[in-house]
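Colleague: Quick mapping for you: the protein sequence lines, in order, are chains E and G. Heads up: take any position in the first sequence, counting from 1, add 11, and you land on my numbering. Heads up: take any position in the second sequence, counting from 1, add 11, and you land on my numbering.
These aren't lab readings, by the way, just hints derived from the structure by calculation. Treat the hints with care, since some could be wrong.
Which copy is meant is left open, because identical chains are indistinguishable; a pair holds if it fits in one copy or across any two.
[Stated by the list, open to error] Listed next, the in silico SDA-like pairs over lysine to any residue satisfying Cα-Cα at most 25 Å (straight line):
| id | residue 1 | residue 2 |
| --- | --- | --- |
| 1 | Lys262 | Gln43 |
| 2 | Lys116 | Asp176 |
| 3 | Lys262 | Gly44 |
| 4 | Lys116 | Arg182 |
| 5 | Lys111 | Ala25 |
| 6 | Lys262 | Gly181 |
| 7 | Lys262 | Gln40 |
| 8 | Lys116 | Met102 |
| 9 | Lys262 | Ala121 |
| 10 | Lys262 | Leu277 |
| 11 | Lys116 | Leu32 |
| 12 | Lys111 | Ala101 |
2 protein chains.
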Amino acid sequence: MTPQELKQQLRAGADAVEAYLATCLHDRQIPQGLLSAMEYSLMAGGKRLRPVLCLTVAKLFGLAEAQVLPFASAIEFIHTYSLIHDDLPAMDDDDLRRGKPSNHKMFGEATAILAGDGLLTEAFAVMGSVAQGDASIPADRVLRALVEVATAAGSGGMVGGQQLDMEYTGREGVSYDELRGMHAMKTGALIRCACLSGAILSGADEESVRRLRIYGEGIGAAFQIVDDILDEVGDEAQLGKPVGSDIEQGKTTYPSLMGIDRSRELAQQHVDRAVEQLRPYSGAEADFLRSLAQYIVDRVS
Amino acid sequence: MTPQELKQQLRAGADAVEAYLATCLHDRQIPQGLLSAMEYSLMAGGKRLRPVLCLTVAKLFGLAEAQVLPFASAIEFIHTYSLIHDDLPAMDDDDLRRGKPSNHKMFGEATAILAGDGLLTEAFAVMGSVAQGDASIPADRVLRALVEVATAAGSGGMVGGQQLDMEYTGREGVSYDELRGMHAMKTGALIRCACLSGAILSGADEESVRRLRIYGEGIGAAFQIVDDILDEVGDEAQLGKPVGSDIEQGKTTYPSLMGIDRSRELAQQHVDRAVEQLRPYSGAEADFLRSLAQYIVDRVS
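For reference, chain E alone in the conformation it holds in the complex (with noise of 0.2 Å):
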């Protein structure tokens, strides 16, 4: 698969969650200036790739896209909460968010945490959903998805991730072993998951279950040290953030740790492991993961 034609696989799984998105709060009864909020920050853009790793992974083991289609969107309005509460004062202190003003500046800091506790909160009602009606999914499954995407999403997860972030921000010494465990829970949680999920919701057997969860790590993991690397030598205009503003903000990043070169040769390892994975698996789905995954490390080759 040419980097092109990635691009608009990305772009076609991103548009239909987007179509999605933009309406699938509309008749939950959400006051007004609660759900502008919601939305304002559920619509700001991004790569959608949580719910299209989810959405491609189930389509690989046989679920149509509009099966699956809203537990994978839902997994972006957790992905969406976890953003605006990260950037509120006493976290972050983000006025930006993708070139906009964050949530807490447009709308205020108590809509703002209102607006992440309702995502959050809708996400699980969302999942639920695709139990039901036409085409349903069975019950069994769903729950043990959802049951994952919570346990990924929290305390142990993606909540507890951003705490040690906060705790490790400042401190000297930071660990290899400590940056990593923290990164695995703060963004590899719920990259993981959102392959784990796919293939879960979809039946996959237990074995095929086995090697997307580790897909899923592998590309999580890579996921952020390009992260870390692009913060060093990216180019602002495509970060959206001043370069080095990891080492500023006093954050240890795989780059501080091990030099450029060796992050980068840490990424592809990552990567290969994830690759490595999809061996059993052909088709157009399977080769879209495999061209995903060398894309994250192609960005900063």
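Starting from the known structure of chain E, fit chain G onto it as the hints suggest.
Modeller: Only chain G this time, still in chain E's reference frame:
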């Protein structure tokens, strides 16, 4: 059932919930700083009304306490997270909760936000767990009950009610319908859902599910009216906050709209409607639910 017996049974239910809450987070690999903040608020006492309602309804329709205890306790996670976030400086800015420093006063604002996020997210993982292991509840029932809880707690329920409460505070001319709608979302939805989910989990027939939903709605409405009355005529030591604080904060209350006597009558009407729904049921659990409903209004008679 005498008031003494009612209180003993409430205490027994709360004790079962607290025993579960005290250890249920320990095997979830939560960073220590975050775990401490989550448990601080989770173990800060309270009547545990919502989980006790869920447990009692589930027992009324034949489930054993051990089968439903995790699900019921997870509703208390959600109630607790809402208190932590409501107390934040950007929201109600409360330094005290049940006579102790509020979560952000003890652990800082960032950790308090994350402790709330963590409790909300873990709630759904814990709810899902009752479909596993010995004496498990069928996944389709668990998923349906979980979606009801997410909907009740979400942006068309509890979170949306908090948004409306903030919008109405300090505003002149909030109407009865607005006040009732706001409270039905902010406090009513989760109390209603505690009863409703107990009925769904136990596989009660749809007529019974409907009855328990209306029962929960009635006691939720009565509970809030009584809370407003106590804010005007209650005992400061028992309330744990100054009498008259609602009015001082610019909040519209039932007594401010219709006076104390008419408010008391309205609460009794809601309780009567709730108790009427229990007519088909007999036995210890039904007696308890009837007595509990009446106890809510007796606090202000």
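Colleague: Check each numbered hint against the structure and report the violated ones by number, ascending.
Modeller: As far as the earlier hints go, not one is violated by this structure.
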